[in-house]
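Each protein sequence line maps, in turn, to chains F and X.
Here the first sequence is numbered in the numbering used here, starting from 1 and rising by one per residue.
Here the second sequence is numbered in the numbering used here, starting from 1001 and rising by one per residue.
Rather than coming from a laboratory, the hints here were simulated on the basis of the structure.
For every residue, glycine included, the Cβ atom is placed at its ideal position computed from N, Cα and C.
Hints may contain errors.
Claimed, not checked - Per the computed footprint, the stretches of chain X lying under chain F, defined by three or more beta-carbons under 8 Å from a beta-carbon of chain F, are: (1) 1101-1114; (2) 1143-1155; (3) 1159-1169.
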Amino acid sequence: MTKEGVIAALEQVTDPEIPVLSIGDLGIIRDVELWLEDGKDCINVIITPTYSGCPAMNVIATGIRMVLAGMNFKRVDITERLDPPWTTDLMTESGKEKLKAYGIAPPIRKSKVGLGLFEEDAVDCPRCGSQDTELVSGFGPTSCKSLYKCRSCKEPFEHFKCH
Amino acid sequence: MKNKLFYILEWADNTLILGQRLSEWCGHGPVLEQDIALTNIALDHLGCARNLYTYAAEIFNGMDAVDRSECFASVAFQRNVKEGHQADEDDLAFLRDAWDFRNVLLVEQPNTDWAYTVARAFLFDAFNYYYLTAMCNSVDERLAGIASKSLKEATYHLRWSSEWVIRLGDGTEESKTRIVEAIANLWPFTGELFTATEVDTFVEGLGVDFAALKPLWEQKVAEIFDEATLEVPTGVWMQSGGKTGTHSENLGFVLAEMQFMQRAYPNMEW
Ligand SMILES: [Zn+2]
C-alpha cells in the first residue's frame, strides 16, 4: 500500500453538499501516514475542516472510512488538523473547472486579499459568462457559498467564497 | 490545570452562548438572506465552541479526582464525575449550570430586535477579531490553531456587523433611533470584555493581555460609529460578573432551551 495509492482511492470521496468536488479538489487532505503493526497495514488520514462548524466533515470522515474499509487495513485513524487553516487557495484548478460546470462560480481571489466594507467580488455568471452580476447575500445555503444573481440571463447562482 | 481549563471555557462559552442567541433567529429573520447570514455565523461560533470544548474535556479528564470534583457546581456534572465518566464536549455544553458558565454578560443579552442583535454582534465581533489575532500567538499550539481557524471566520462576522451598524446608524430616522437605543443599553456590558480575571492572569503566554486589546477595539468602534454617524457613549458605569459565573437572568433562559433535551433525557442521541 502506497501513500499515492491511498490518496488516489480517496478521490472517490466527495463533498456531500457539492458532489462534483472530491476531497482532493477541495484540498482538505493534509497528509496520509502509513505504518505496519504486526505486519499489517495501518493508516492515519489527516484532514482539515473547511469551516469550523461545517457539518459535512462528519459525512466526509465516514466516506473516507468506507473507502478504506475495502482496503484491508488493520487500523484506520482519521485526525483533524486545524493549523494552518484551510483556504480556497488550496482548491485545485480542475476542482474550479468542475464547480463552474456544475453552476457554482469558483473562488476568484487569493484568500489574503481582503474586501473592504460594502465591497463585493466581481464574479462571472457560471451559466452565461456575463460579468454583469450582483451579490444578493454574502452568506448562502452552506458556509462556503454566497448568493449572486446575473443581470444578463436573470438567473440566481451560488459563488464558492474566497476564504 | 484548572486555570487553563477555565480560561478555555471563558472563550468557549462566549462563542457557544452567542451562537445560541444568533440561532434563535433561525426562521425568524427579517429577510431570508439575513436569516441565512445569522445561522451561518451562529454555526461558525458553534464550531469554534466544539473545538474548544473538546480540548477542555481532555484537560478536565486529565486532572486528578479532587480537582475534577471542584471544577463545576452543577449536580449533573458532579454525578458524572463521581461515577467516573469521562467528560466530553457535550457534557460541558449541556450539563453545566449558569454559575459554571464563564461567558461575558454581553453575549447572553436577548436578541430584542434587529438593532440589538446587530449592536451586540458588532461590539463582540470587534473584540473577537483582536482577541483571536492575539490568541494566534498563544504558546499553546492547539489554542493557537483554533484561533487561526476561527479568525478567518470572525473577519467575515465583523464585516457583516460593521456594515449593518453603518446601515442602521446612517439609515432612516427609525433605524437610527433603534440602533442608538441598542448601543446605549448594551454599552455597560462592554467593559467586561477587557477586564482580566484571576484565571486570565494565571495563564500568561497561553492567554492574551485583555487590557491591551481595549485601544484596538476602541479604535475600531470609533471608526465604524463615525461612518455610521453614531456617538461613542462615554462615562457609562460598567457591569461585570459573567467571567466569574455571576450572570444576568438572561443566561438561565438560554440554557433552559439549549439544555432541555439532555437534562430531560440524559445521554439521548439523534
Ligand atoms: Zn448569466
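Item to complete: Confirm or reject the coverage of the region 1159-1169 of chain X by chain F under the rule of 3 or more residues with a beta carbon closer than 8 Å to the chain's beta carbons.
Response: holds (count 5)
Item to complete: Count residues of the region 1101-1114 of chain X with a Cβ under 8 Å from any Cβ of chain F, then say if the count reaches three.
Response: violated (count 0)
Discussion item. Please check whether the region 1143-1155 of chain X has three or more residues whose CB lies within less than 8 Å of a CB on chain F.
Written reply: holds (count 10)
Hint compliance for this structure: hint 1 alone is broken.
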